[in-house]
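Residue numbers (the UniProt record's numbering), protein chains in the order written: chain A, 1 to 399; chain B, 1 to 399; chain C, 1 to 399; chain D, 1 to 399.
Simulated from the structure, these hints should not be mistaken for laboratory data. Check the hints yourself; a few may be wrong.
A pair holds if it fits inside one copy or across any two, identical chains being indistinguishable in the list.
[Stated by the list, open to error] Derived DSSO-like pairs (lysine-lysine); straight-line CA-CA distance at most 27 Å:
{"#": "1", "residue 1": "107", "residue 2": "24"}
{"#": "2", "residue 1": "378", "residue 2": "393"}
{"#": "3", "residue 1": "65", "residue 2": "24"}
{"#": "4", "residue 1": "233", "residue 2": "65"}
{"#": "5", "residue 1": "378", "residue 2": "107"}
{"#": "6", "residue 1": "199", "residue 2": "24"}
{"#": "7", "residue 1": "107", "residue 2": "393"}
{"#": "8", "residue 1": "154", "residue 2": "65"}
{"#": "9", "residue 1": "154", "residue 2": "393"}
{"#": "10", "residue 1": "378", "residue 2": "24"}
{"#": "11", "residue 1": "393", "residue 2": "24"}
Owing to the predicted nature of the structure, the values given are computational and were not obtained by experimental measurement.
Residues per chain are reported as follows:
Number of protein chains: 4
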Amino acid sequence: MTARVVLAYSGGLDTTVAIPYLAKMTGGEVVAVSLDLGQGGEDMESVRQRALDAGAVESVVIDAKDEFATDYCMPTIRANGLYQGEYPLVSAISRPLIVKHLVEAAKEFNGTHVSHGCTGKGNDQVRFETGFTDLAPELDIIAPARDYAWTRDKAIAFAEENDIPIEQSKKSPFSIDQNVFGRAIETGFLEDLWNAPTKDLYAYTEDPAIGNAPDEVIISFEGGTPVAIDGRKVTPLEAIEEMNRRAGAQGIGRLDMVEDRLVGIKSREIYEAPGAIALITAHQAMEAVTIERELARYKRTIEVEWASQVYDGLWYSPLKRSLDAFIDESQQHVTGDVRMVLHAGKATVNGRRSNHSLYDFNLATYDTGDTFDQTMAKGFVQLHGLSSKIANKRDREAQ
Amino acid sequence: MTARVVLAYSGGLDTTVAIPYLAKMTGGEVVAVSLDLGQGGEDMESVRQRALDAGAVESVVIDAKDEFATDYCMPTIRANGLYQGEYPLVSAISRPLIVKHLVEAAKEFNGTHVSHGCTGKGNDQVRFETGFTDLAPELDIIAPARDYAWTRDKAIAFAEENDIPIEQSKKSPFSIDQNVFGRAIETGFLEDLWNAPTKDLYAYTEDPAIGNAPDEVIISFEGGTPVAIDGRKVTPLEAIEEMNRRAGAQGIGRLDMVEDRLVGIKSREIYEAPGAIALITAHQAMEAVTIERELARYKRTIEVEWASQVYDGLWYSPLKRSLDAFIDESQQHVTGDVRMVLHAGKATVNGRRSNHSLYDFNLATYDTGDTFDQTMAKGFVQLHGLSSKIANKRDREAQ
Amino acid sequence: MTARVVLAYSGGLDTTVAIPYLAKMTGGEVVAVSLDLGQGGEDMESVRQRALDAGAVESVVIDAKDEFATDYCMPTIRANGLYQGEYPLVSAISRPLIVKHLVEAAKEFNGTHVSHGCTGKGNDQVRFETGFTDLAPELDIIAPARDYAWTRDKAIAFAEENDIPIEQSKKSPFSIDQNVFGRAIETGFLEDLWNAPTKDLYAYTEDPAIGNAPDEVIISFEGGTPVAIDGRKVTPLEAIEEMNRRAGAQGIGRLDMVEDRLVGIKSREIYEAPGAIALITAHQAMEAVTIERELARYKRTIEVEWASQVYDGLWYSPLKRSLDAFIDESQQHVTGDVRMVLHAGKATVNGRRSNHSLYDFNLATYDTGDTFDQTMAKGFVQLHGLSSKIANKRDREAQ
Amino acid sequence: MTARVVLAYSGGLDTTVAIPYLAKMTGGEVVAVSLDLGQGGEDMESVRQRALDAGAVESVVIDAKDEFATDYCMPTIRANGLYQGEYPLVSAISRPLIVKHLVEAAKEFNGTHVSHGCTGKGNDQVRFETGFTDLAPELDIIAPARDYAWTRDKAIAFAEENDIPIEQSKKSPFSIDQNVFGRAIETGFLEDLWNAPTKDLYAYTEDPAIGNAPDEVIISFEGGTPVAIDGRKVTPLEAIEEMNRRAGAQGIGRLDMVEDRLVGIKSREIYEAPGAIALITAHQAMEAVTIERELARYKRTIEVEWASQVYDGLWYSPLKRSLDAFIDESQQHVTGDVRMVLHAGKATVNGRRSNHSLYDFNLATYDTGDTFDQTMAKGFVQLHGLSSKIANKRDREAQ
C-alpha cells in the first residue's frame with residue numbers, strides 16, 4: 001500500500017519543504033492539514049495553497065477556533081489549569097485538538113501515517129504522539145525533526161537540491177508557538193536564565209509600565225464558564241478574544257518561567273496569555289464564593305494533577321477523564337459575577353455577587369443580625385484539637 | 001488555689017478592661033503578656049504600663065520580632081504557605097508563637113488559666129486554644145468574648161460601673177490584625193462582597209496606581225531562606241522589613257479574598273503583605289531552578305496541606321511536623337539569586353542564577369553544544385503513552 | 001406549635017422508654033421510625049407495635065434493605081471504601097439512609113424535631129446530625145443520650161416512676177450495631193487493647209479455625225457492581241447476603257482494629273463483614289485487570305478521601321459528590337469475572353477474565369507471539385530517570 | 001581505554017555465558033559481582049568461582065543480607081510499602097542495593113561499564129539503570145538481553161561455538177526472583193489470568209490449607225522497626241527470617257496479582273513474602289495505636305506515593321528522600337508490642353500495648369471513669385457540618 005502521510009502543517013519553511021521530503025522518504029503522498037486556532041498571522045488560504053504548491057496531494061484548512069475555545073480552553077479555566085501554578089497550558093491543550101483533526105483527516109483521505117514537526121527534546125512530540133496512539137494506534141507516526149534530524153538547514157539544502165522555490169525569511173532567533181489562548185517564546189538569549197526578557201519578545205501584551213488607565217470589567221460565569229462580559233453575552237471564543245485585548249493592553253499575563261519539561265529537563269519559557277490569566281483569576285474568585293470549603297481544598301490537589309496530566313500529553317487518558325468528572329461536578333454552582341480592575345500587569349478582583357453564593361452575611365457579620373451561635377465554638381475547638389492534644393501529651397511523656 | 005489568668009494583652013480597650021473583669025469573674029489575678037511582632041503602633045512600654053494600671057499583677061512585654069521572623073515566617077516562605085493559594089497566613093502563624101510565650105509566662109508566674117480576646121466565630125480562637133491544649137493542657141482557657149459575650153459596649157459599661165478610667169478612641173469600623181508579616185482587615189462595608197475596598201483601608205502598601213518608578217531587587221536564598229538583598233546580608237526580620245518597604249511602595253501584596261474559615265463560614269478579608277508576597281514569589285522562582293520535577297510536583301500538594309494545617313490552628317500537630325520534615329528535606333539546595341522587578345502591584349521575576357541549578361544549558365539549548373540525545377525520545381514517548389493507548393483501544397472495542 | 005419528634009427507633013429499651021420521655025421533655029408527640037437494613041433479630045412488626053405501646057403517635061417500619069444495598073453498599077464496594085484500609089464503613093453508610101427516611105417521615109407526619117439515641121463521644125451522632133442539617137436544617141435535633149445524659153439506668157428509673165412496663169433483658173456487655181453489610185462490636189473487656197476478642201463476640205462469621213472445606217466462588221461484575229455469583233444473576237442485596245453466608249462460613253471479614261474516631265479519640269472496634277470484605281476483595285482484583293495504571297494509582301488516594309468523608313458523616317457533602325463523580329467515571333469498564341477461594345478467614349483471588357481486560361497476552365508474554373518492542377525501553381529508561389540523574393549529580397557537586 | 005564491564009552476576013547460565021560474550025562485544029574485560037541477599041540456593045563461593053571459570057577477570061561475592069534487611073526492608077515496613085496495596089516491593093528494593101555495590105565495585109576495579117541481565121519489558125531494567133545514572137552517570141550501561149537480544153538459546157549457541165562448558169539444567173518454565181524479603185514468580189501458564197497458581201510454584205510458604213496449628217507471636221517495635229519477637233531481641237534480618245519461617249509455615253504472604261508495570265503493560269505476578277506481610281501487618285497495627293489521626297490519614301497517601309516511587313525505580317530520587325523524611329518523622333513513637341495469630345494464610349492482630357499509646361481508656365470507655373466531656377460534642381457537630389449544610393441549602397434553593 002502506498003504511504004499517505006497526514007502532516008500537521010504550519011505553513012512555515014520547515015514543514016513546507018518537509019512535504020516533498022516526506023513523500024520521497026516514504027515513497028508516498030502527503031496530505032497537509034492546518035488548523036486555525038486563532039494564532040493570527042498569515043491568511044489560512046495562502047497556507048493551504050502553499051502546501052499544494054509544495055506537492056501535497058490534499059491540503060485542508062480547518063477553522064477550529066470555536067472548538068478550541070469551547071472544548072479545550074474552557075475546561076482549562078474550570079480546572080484553573082496552571083502548570084507549576086503559572087502556565088495556562090497554551091500549547092499543551094492545542095496539541096490534542098490538532099491530533100483529533102489529523103486523525104479525522106487520515107480517515108477521510110485514507111492516511112496511513114501521521115506526521116508532526118516537533119523535535120525530540122520538547123513536550124509537543126509527546127502530546128502529538130500519545131494523542132495519535134490514543135485515538136488511532138493503527139497510524140504510523142513520522143517525526144522528521146526527531147527521527148531524520150530534519151532541520152531548517154537541511155530543509156534549505158533539500159529545497160536547493162530539488163529546485164523547490166522557497167522564500168527565505170529572516171529566521172526569528174526564538175521558537176514561538178501561539179494560538180488564541182496565548183503565546184510561547186523560547187530559546188535564543190533566554191537560554192541564559194539570568195537574562196531578562198526584552199520588550200520585543202511580546203506580541204499579545206503591552207508593556208505593563210506604559211501607564212494605560214485602569215480598566216474595570218465584570219465577568220459573568222455560568223457553571224464555571226464565562227458567558228458575559230460587562231453584561232454582554234459572549235461565546236467562549238469571544239470571551240478569550242475580548243480579554244486578550246483588554247488584559248493585553250494592561251500587560252497582564254506575561255510569564256517568565258523555568259519549566260519542568262516532561263522529557264526530564266528544565267527550560268526557560270516566556271509566555272503571554274492575557275485572556276487566559278484574566279479569566280482564570282476571575283474564575284478562582286467566583287469559585288471562592290460558590291464552592292464549599294472541603295471541596296475547594298480538595299479541588300486544589302485535583303487541579304495540580306489535572307495540569308500535570310494535560311502538560312504531559314495525556315489529554316485523552318482515563319485518569320484525565322475521571323479528573324474531568326470530578327471537576328465538572330464541582331462547577332455546577334460556579335455562577336455569578338466577578339468585578340476586576342485590569343491595570344499595569346495585574347488583574348485585581350474587587351467584587352463578586354452570585355445567586356449561588358455560599359457567603360451568608362448573617363453568619364459572617366459582626367453587626368446586628370448575627371445568626372452564628374458562638375457557644376457552639378467552644379465544643380468545636382476542643383474536639384478539633386483533641387487528637388493533637390493527646391499526641392503532644394504523649395510526646396512529652398514518652399521522651 | 002487562687003486563679004491566675006495569663007492574658008494575651010493587646011493594649012486596646014477591650015483587653016484592658018478585661019483585666020479587672022477577669023479578676024472579678026475568676027476571683028483571682030491577671031498577668032498581662034504582650035508580644036512585639038512588629039505590629040508597630042504604640043510604644044510597647046506604654047502598653048505594659050497600661051495593663052498594670054488596669055490592675056494586672058504582672059505585665060510582660062516580649063520582643064519576639066526576630067523569633068517570629070525566623071521560626072514562623074521563614075517556614076511559611078519555604079512552604080510557599082498560601083491558604084487558598086493567596087493568603088500568606090499572617091495571623092495564623094502569629095497565634096502559635098503568642099501561645100508559646102503565654103505558656104512560658106504561665107510557668108514563670110504560676111498561671112492557672114490562659115485567656116485571649118477572640119470571638120467565637122473566627123479562626124483565632126481555634127489557633128489559640130489548640131495551641132494551649134497542645135502545649136499546656138493543664139491550663140484552663142477563658143475566652144471572655146465568646147464565653148461571657150464580652151464586647152466593647154460591655155467593656156465600656158463595666159469601666160463606668162467600676163470607675164476605671166478609659167480613653168475612648170473612635171472605634172475603627174474595621175477589625176484589624178497586623179504584624180511584620182502582614183495586615184488583615186475585615187468587617188464594616190466589606191461584608192458586602194460587591195463593595196470594592198477603599199484606599200483608606202491600607203497602611204502597609206501604597207496605591208499600585210500612583211506610578212512609582214519600577215524597583216529592581218535581587219534576593220539571595222540559602223536552603224530556601226532569604227539571606228541577602230541586593231548583595232547585603234540580611235536577617236530574616238530584615239528581609240521582611242526591607243521587602244515590606246520596597247514592595248509596599250509599589251502596592252504589592254494587596255489581597256481581596258472570600259475566605260473559608262475553619263468554623264465553616266465564608267468571610268471577606270482584605271490583606272496587605274508586601275514583604276511576604278514578594279519573598280514567596282522569589283522563593284518559588286528559586287525552587288523552579290533548583291528542585292527536581294517530581295519533588296516539585298508533589299511538594300505542591302504538600303504545600304496545600306501545610307497551609308490548611310497552619311490555617312486550621314494545627315501548628316503544633318504531628319502532621320504539621322511530618323510535613324515540615326518533607327519540606328526541610330526539599331529545601332537543601334534552594335540556594336541562589338532571583339532578580340525581580342517590583343512595580344505597580346506586581347513582583348515580576350526576570351532572572352535567576354544558582355550554583356545548585358538543575359538547569360543544564362547544554363541539554364536545553366537548540367544551539368550548538370546540544371547534548372540531549374533525541375533518539376531516546378521515541379522510545380520514551382511510546383512507553384509513556386502505552387497504558388493509555390491500551391485503555392483507549394479497549395474503550396473503543398468494548399462499546 | 002406542638003413539638004413532633006421523629007425518632008430513629010431501634011426497638012430496644014433505651015429508645016422505647018425515650019418515647020414517653022421525649023414527649024414529656026418537649027411537651028409534644030413522638031413518631032417512631034424503624035428501618036429494616038437486614039440487621040435481623042426481632043420481627044419488625046413487633047418493633048413497630050412496641051413504639052405505639054410506649055406512646056408513639058405514629059410508628060413506621062421501612063424495609064430499606066434493597067435501597068441500602070444498592071445505593072449505599074454498592075458505592076462503597078466501587079470505592080473500595082475501607083477506613084484506615086480495613087473497615088468497610090458498615091455503620092457509617094447506614095446513618096445517612098436512616099436520616100433520609102427520618103426526614104421523609106418528618107415531612108409526611110409534620111415533624112418539628114428529629115431525634116437519635118447516640119451518645120456524645122461516638123461517630124454516629126455526627127453522621128446523624130450532619131445528615132439532618134444537610135437535608136433538613138429546619139428540623140430541630142434532640143440527642144437525649146448526649147443532651148440529657150439519657151442512659152439505660154435513667155430509662156429504667158423513668159419507666160418505674162411512670163409505670164411503663166418494660167422487659168429488662170440482660171444487657172449485653174457490648175455495644176453492637178449491625179446491618180446486612182456487617183456488624184460492629186465495642187466496649188466491655190475489649191477496651192483493654194491487649195485483650196483478644198473471644199469467640200462469643202461473633203454472629204456473622206464462623207471461627208476460621210474450624211476447618212470448613214474451601215469454597216470456590218466466581219463473582220461477576222458490571223461497571224464495578226457485582227451482578228452474578230457462580231453464574232446466577234443476583235441483586236446487590238442478594239450478592240451481599242450470599243457472600244455473608246459463604247464467606248461467613250469461612251470466618252472471612254473479622255476485623256480487630258484501633259480506630260480513629262472523628263471526635264478525636266482512638267477506640268477499639270471488632271467488626272465482622274464477611275460479604276463486604278469478600279466483595280471488595282473481588283472488586284479490587286477486577287479493577288486491577290480493567291483500570292489503567294495512572295487512574296488506578298490516583299484512585300487509591302481518592303479512595304482514602306472517600307472513606308474519610310463517609311466515616312466523618314459527610315455522605316451528603318459537595319466533596320463526596322465530586323469524589324463519586326470521579327469514581328463513577330472510573331468504573332465504566334470494571335466488568336468481568338473474578339474467581340476466589342474462600343477459606344479459613346481469607347478470600348484469595350486466583351483467576352480473572354474480562355472482555356474489558358487491559359491485560360494483553362501478546363505484550364506480556366515472554367513466549368513466541370511477543371509484540372512488545374524492547375528497543376523502545378532504552379529511551380524510556382533514560383528519560384524516565386533524567387531529572388533524578390541531574391539532581392543527584394547536582395547534589396554531589398554542590399556538597 | 002579498555003572496557004571493563006562490571007556485571008550483576010547471578011550464577012545462572014545466561015549471565016555466565018554473558019561473561020565471554022560481553023568481553024567479546026566490548027573488546028574488554030568483565031568483573032562479576034554477586035550479592036547474597038538471602039536468596040538461598042547455591043553456595044556463593046561456587047557462584048564466585050563459576051564467573052572466574054567463565055573468564056571474568058575479577059569475581060566478587062558480597063554478603064549484603066544485613067544491609068538489605070536494615071536499609072531497604074525496614075524502610076519498606078515503616079512505609080507499609082505495598083504497591084497496588086499488596087506487593088511488598090521484594091525485587092524493587094533489591095535493585096538499588098545491587099546498583100550501589102556495582103558502582104562501588106566499578107570504582108574499586110576501574111570499571112567503565114555496568115551491565116545487568118534484565119529484559120526490555122520488565123521493571124528491573126529501569127530500576128538498575130536509573131540507579132546507575134543516579135549514582136554514577138559516568139558509567140556506560142549494557143543490557144545484553146535488551147540491547148543485543150541475548151537469550152538462553154543464544155547463550156547456549158554461543159557456548160557451543162566457543163567451546164565453553166556449560167551445565168544445561170532443565171529450565172524452569174517460570175521466571176523467578178527471590179531474596180530474604182520474598183519471592184516473585186511469573187510467566188508460564190500464569191500468563192493466562194484465569195489459570196490458578198499450582199502448589200509447586202511455592203517455596204517460601206506452605207499450603208495454607210494443610211492445617212498447621214495456629215501460632216501466636218508477639219512483635220515488638222521501636223520507632224517503627226521490629227526489634228524483638230516473643231521477647232527475644234532480633235536484628236532486622238533475624239526478624240524477617242524468623243517471620244519467614246513461622247508465617248511461611250502458615251501459608252501467609254501468598255499473592256496473586258495483576259500488576260501495572262512501569263513500562264505500561266499489565267502482567268500476572270505470583271509472590272510469596274511471609275515475613276514481609278506479617279511484619280507489615282503488625283506494623284500497621286502498631287501505628288494505629290501510636291500515630292495521631294490526621295498524620296495517619298495523610299501518611300496513607302504518602303505511602304501510595306512512596307510505593308510508586310520505589311516500584312518505578314526511583315529509590316535514589318529527591319522525591320523519595322523527602323517522602324522518607326516525612327515517614328521518619330512519623331515513626332518516632334511507633335513503639336510497643338503487637339500480638340498476632342498466624343494461621344491458615346492469615347496474620348490476625350488481636351492485641352497491642354505501648355507506652356507511647358494514644359489510646360486513652362478514660363476517654364474511650366463507656367464505663368465509670370469516663371473523662372470525655374460529651375457536652376462538647378454538640379458544638380463540634382454543628383460546626384463540623386456547617387459548610388456542607390450551607391452548600392446543601394444553596395443547592396436546593398438554586399435549582
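Status of the hints after comparison with the structure:
{"no.": "1", "hint": "107 x 24", "result": "within (22 Å within a copy, 50 Å between copies)"}
{"no.": "2", "hint": "378 x 393", "result": "both (21 Å within a copy, 25 Å between copies)"}
{"no.": "3", "hint": "65 x 24", "result": "neither (33 Å within a copy, 60 Å between copies)"}
{"no.": "4", "hint": "233 x 65", "result": "within (18 Å within a copy, 50 Å between copies)"}
{"no.": "5", "hint": "378 x 107", "result": "between (67 Å within a copy, 24 Å between copies)"}
{"no.": "6", "hint": "199 x 24", "result": "neither (42 Å within a copy, 59 Å between copies)"}
{"no.": "7", "hint": "107 x 393", "result": "between (69 Å within a copy, 17 Å between copies)"}
{"no.": "8", "hint": "154 x 65", "result": "neither (33 Å within a copy, 57 Å between copies)"}
{"no.": "9", "hint": "154 x 393", "result": "neither (72 Å within a copy, 35 Å between copies)"}
{"no.": "10", "hint": "378 x 24", "result": "between (79 Å within a copy, 22 Å between copies)"}
{"no.": "11", "hint": "393 x 24", "result": "neither (77 Å within a copy, 32 Å between copies)"}
Against the hints set out earlier in the document, violations occur for numbers 3, 6, 8, 9 and 11.
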